[in-house]
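Asker: Please build the complete structure, drawing on both the sequences and the hints.
Chains as they are written, first to last, in the numbering used here: chain A, 815 to 1317; chain B, 2 to 364; chain C, 4 to 331.
Don't take every hint at face value.
Stated by the list, open to error - Capping the alpha-carbon separation at 25 Å, the derived lysine-lysine pairs in BS3-like fashion look like this: (1) K354/B - K1156/A; (2) K934/A - K152/B; (3) K90/B - K1216/A; (4) K1216/A - K192/C; (5) K218/C - K1141/A; (6) K152/B - K915/A; (7) K1216/A - K194/C.
What the hints assert, rightly or not - Facing chain B, according to a computed beta carbon distance under 10 Å, are these residues of chain A, among others: (8) D886; (9) S919; (10) T921.
Said to hold, decoys possible - Not close to chain A: a few residues of chain C, all C-beta gaps over 12 Å, as computed: (11) F174; (12) V188; (13) D248.
Hint data in this document are derived by calculation from the structure and do not stem from the laboratory. Only a predicted model underlies this, so the values are computations on that prediction, with no experimental measurement involved. Where a beta carbon is used, it is the ideal one built from N, C-alpha and C, also for glycine.
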Amino acid sequence: MLELKNITKRFGSVLANDQINIKIEKGTIHAIVGENGAGKSTIMRIAYGFYNADSGEILINGNVRDIKTPHDAIALGIGMVHQHFMLVDTMTVVENIVLGKEPGSQTSLDLESAKQKIRKISEEFKLFVNPDAVIETLSVGQEQRVELLKALYRDAQLLILDEPTAVLTPQEVEEFFAILRSMREQGKTIVIITHKLDEVLAISDNVTVMRDGKVVGNVMTKETNAAQLAKMMVGREVLLRVEKPDANVGNSVLKVENLTVINHEQANALKSISLEVKAGEIVGIAGVEGNGQTELIEALSGLTPAANLSGKIVFNGQDITKLNPRKRKEYGIAHIPEDRHKRGLVLEFDLSENSILGVHYRPPAATSLGHVLLNDTAIQQRANQIIKDFDVRPPNSALAAKALSGGNQQKLIIGREFDLQPRLLLVSQPTRGVDIGAIEFIHRKLVELRDAGCAVLLVSAELEEVTALADRLLVLHEGEIAGEVDPKIATTEEIGLLMTGGR
Amino acid sequence: MSDFITLLPILFFTTLRLTTPLLLAALGGLFSERAGVINIALEGLMLSGAFTSAVVTWKTGNPWIGVLCGIGAGVAVAWVYAIFTIKFKADQVVSGTAINILMIGLPGFLSGALFLSSGSTPSIPEQAQMPYFPIIFAFVMVPVTWYVLYKTPFGLRLRAVGENPAAADAAGVSVYRIRYTGVMISGALAAVGGAYLSIGQASLFTRNMTAGRGFIALAALIFGKWRPVQTMLACLFFGFTEALTIQVQGIQFIRWKLFTAILIIIVAVIALFVIQLGKERETSNEKLPLWITATSGFITFLLAAYITKRILGVVREYWFAETGIPIQFIQIIPYVLTIVVLAGFIGASRAPKALGQPYQKER
Amino acid sequence: MIVGDNPIKAYGLLIGSALSYPVGIGYTLFYTTPLIFTGLAVAVAFRCGLLNIGAEGQLYVAAFAATWIGISAAKLPMILLVPIACIFAVLGGAFWGAIPGVLKARFGSHEVINTIMLNFIAISILGYFTQYHYKTPGDPIMQTAPIGANAHIPRLGQFIPGMPEFIPLNFAFILALLACVFVYVFLWKTKFGYEIRATGLNPTAAEYGGIAPRKQIIVAMALSGALAGMVGIHEVLGYRYVYYDNFSANVGFTGIAVALLGRNHPVGVLFAALFFGMLERGGIPVDAFTEKVSKDIVDILKALVILFVAGEAMFQMLFSKLGVMKEQ
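Answerer: Right, dumping it as structure tokens:
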């Protein structure tokens, strides 16, 4: 039904899609897999008209079509549900659905007829939402339904879904797959972009594997398995488990007692949490994003305003609940933030300047004149050392941080924090958007730090990563600790159950 | 107090006259900002309309042609502003400031070239002035704006573009085109506001004759939470304070009682808005039942009046006992008010989410 | 050209009068000095992500502060009075600049509108003080009484051979050059400057790095106001010796153009200020000796400069289009 022929697309110096050829059969569920940065989102966005290819052709049902804008794609029956929902929070469900294809005339909006059509589609595909609800009030699962309704409202025959299960619990994923299967039965064609191999095997009919902007394989799902797909995705044998020695656990370093945090919507993001991390162990926090992980790390690192917080945080026997981030760092608490672009780096600063972020006010960065003047030579030296020890490429401290790839940026941040020789490391989503070579390096370094006696609190949405690295695993659900498991023996089903609040 | 009561009818009409340019500029700003483009250039857009309509009206003797040309100028300048901020993604605040500076100098320059004058245009005879139409037009535009914003597809798309341009783009809406349109509408409306100043109120154009009104309009827009009716109320409020200022202009030092009365009213109205703000919820066009607003407003008014009287009594003891307040302190009231309003309301106000961020598309 | 006068004659007048020695250059540098101060002021604020349109108000407050102490403490010896008056000017500007800083830090209200409002307020209130408290009775001009002779700072004409004394270029120019050096060292070589720059580029990351963005906003605005305030030293202590109502020829707004053209860097600001100083100086004869071109052309040039520098993406686009055309 949809054929992409020799599509090539460049973004500046990056070749995102290199001569891509994909054939998608009508009435099938077709998965496109690859790592972060493989180019899978890009190619589908080209099919949707969100981007324009530099060269190549798009064929719909055998005819070459010119798709320049999403408007064109929609007219041809292509709908797309993006990874980050494209919804206007302050408007209602029906307003969001009709945006761009409003019923009525230029001078008068007719929302009633739209609501009728929506009700019909909801019945047909079992996607129930209240059309008058404001998006802000909906849950993530409901928002996803709105996105699907948006595409179906425009009579989409081909639906492209970009990482649809990233925000769902394992149980919600099952419900979602049921909806997909019923759509397939109704004759719709579905393309699902994902990097989760088990889901690909569960739901798809065909798989296209992409790597580094190229297609490396087109197979039928029933003729392949996870190991084969992983190998194609990565290009070599992949270590699905991290090798690590047993933990040598020492004294309690961090103790959290009845921590409650309210977020900016005045809701309880964390509800009276208590946990403990000891020296020499990695405690992992698993859970679907948005269940309080961000708030937990921010509270521990001192970034939460005191008014939003109650409870006690004890570090090496001292109550640090009221301390600001600077003081906490001085005490020996390091933090690798979950969003390196927003929190971790000043992208316009060069690597030297970024390397002192957090320690810029004391030696060795600031030395002369009563700790006011910056010591450029010392800063440079330290930066170069970090670059060397943590394999940051290209190894030039005068480069602006934004010139580096995600993986190298992350390595710089990690190097910077490790250089403090911390007693406690708070780390969140350490390998998000990082290529596989850097992932292995980062994992190794984390284990090294643990073995040197540091206490590590690791938050990750990647279940594989957190089960591989953690010595103890806690599951966070709706601001509470749903349970603790031993990562070596717990199964995905067990953990998934805890992630949804079951016990 | 008695002289204050006799002032009331004059005050009412003066308020309407002074509100008009603010209202037009603020409504213009609404179209631009709801689409996500900050419009600091309202001042400059007003000046462009003021200048052009003054010149054309003088030349042709017909104020309607003058206003139309003024609108044309406003749209043209707005279009330039739009190109720089939308297409070239220049910082909106900086570009807006540039337009304002340009409109201080350019009319003067053209004036010198055309009339060999130092910045003013020649006077327009009385029959060529337009004192009433713009007032009506301004207030009619309020329900029109409301309707367009909430009841037409264009309005829906405009609001979407201002909140989440990526979502609008993914839905097939042309973000650029909507933003251009919004900015140009703001140019048109602000220009009418400026035109009113030069050919409606005065009879000529003088350098920088808007004197900060474009910024006050912006403050009113924020005060009015980017909604048509509330913006109108905010503009009326500012217009009223300015009217008070003008009424006492001839006098060097004003009587204590008059000043007290002025202050009481101002404080009361601010308090009113604060209360209403605290109670209102943030959905698209919800309104509170009238009786709640009225009673809480009345109570607030009494409370505010009492408190103000006490404070002023204290102040009076220590300073200004014999003479009264100097005129300059009254003159600054609109400006101080703007600061207070901004400080008090910006936090509670919910701006269009994408306001101020150029939309970057990697086609 | 558009207007009818001979363009060559106009530009010739402009450049010639700006660079002639000694009178031309003297006046050019005289006009450049306040622009260096306001340019630096706006640049420092920009580095913290703030747009300071209030340099006008800040320099008025500073000038008045210097005038006040110059009149009130006229009896003090020069060696004390001059530095004290300078300090008053700087503090006055810093105070007026800190107000919008605090408003932004505490309430989040935008500094653009607040600074503009404060400009109007400053002129009004200072006008009141001038008119009713500090004017020489009987003086028709709206200005204060003169400051004591001990508060005057020397004209540079005394020290430069060949430069007549009547040129108002004064010691403040040296202070302006020193200010450039100070700003450079402050922003790039001290931890305070690091914190300001980090806050301007990425306040969330700055917060993570233990910096308090709110504090930086206030510090940056105060520093910005202080720099703008030094114009007061130039005007009052070095030139007019009185506070003259509305003395500034929109120096604060031109400072924005200077900062933008100078890419918010002290060296750039210096050259940009020189450029505008030349325009200012050259504009006078252009205005006087041509029929139709007026001084407003300088304002227009200013605005165009800001617009084009702000829209630098435009240049990128132009260049890439040119590149495409070449390939075809």
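Asker: All the hints need checking, so say for each whether the structure fits it.
Answerer: Outcome of the hint check:
Distance check on the hinted pair: K354/B and K1156/A sit about 18 Å apart at the alpha-carbon level, within 25 Å; holds. The straight-line distance between the Cα atoms of K934/A and K152/B is roughly 24 Å, inside the 25 Å bound, and the hint therefore holds. Taking the CA atoms of K90/B and K1216/A, the gap is about 19 Å. The hint holds against a cut of 25 Å. Between K1216/A and K192/C the alpha-carbon distance is near 22 Å, which keeps this suggested pair within the 25 Å criterion.
Note on K218/C and K1141/A: the hinted pairing holds, with a Cα-Cα distance of about 17 Å set against a maximum of 25 Å. A threshold of 25 Å between alpha carbons decides the hint, and for K152/B with K915/A the separation of about 14 Å falls inside it, so the pair holds. With a CA separation close to 22 Å, the supplied pair K1216/A and K194/C stays within the 25 Å bound. Taking 10 Å as the C-beta contact cut-off toward chain B, the hint placing D886/A at the interface holds, the least distance being around 8 Å.
Below 10 Å, beta-carbon pairs count as interface contacts, and S919/A has one with chain B at about 8 Å; its hint therefore holds. Taking 10 Å as the C-beta cut-off, the interface hint given for T921/A holds, the closest approach to chain B being about 6 Å. Residue placement check: F174/C keeps its beta carbon more than 12 Å from all beta carbons of chain A (closest about 27 Å). In this structure V188/C is not separated from chain A by more than 12 Å, as the shortest Cβ-Cβ distance comes to only about 8 Å.
With a least CB separation of 40 Å from chain A, D248/C remains clear of the 12 Å interface cut-off, as annotated.
Of the numbered hints given earlier, the model fails hint 12 alone.
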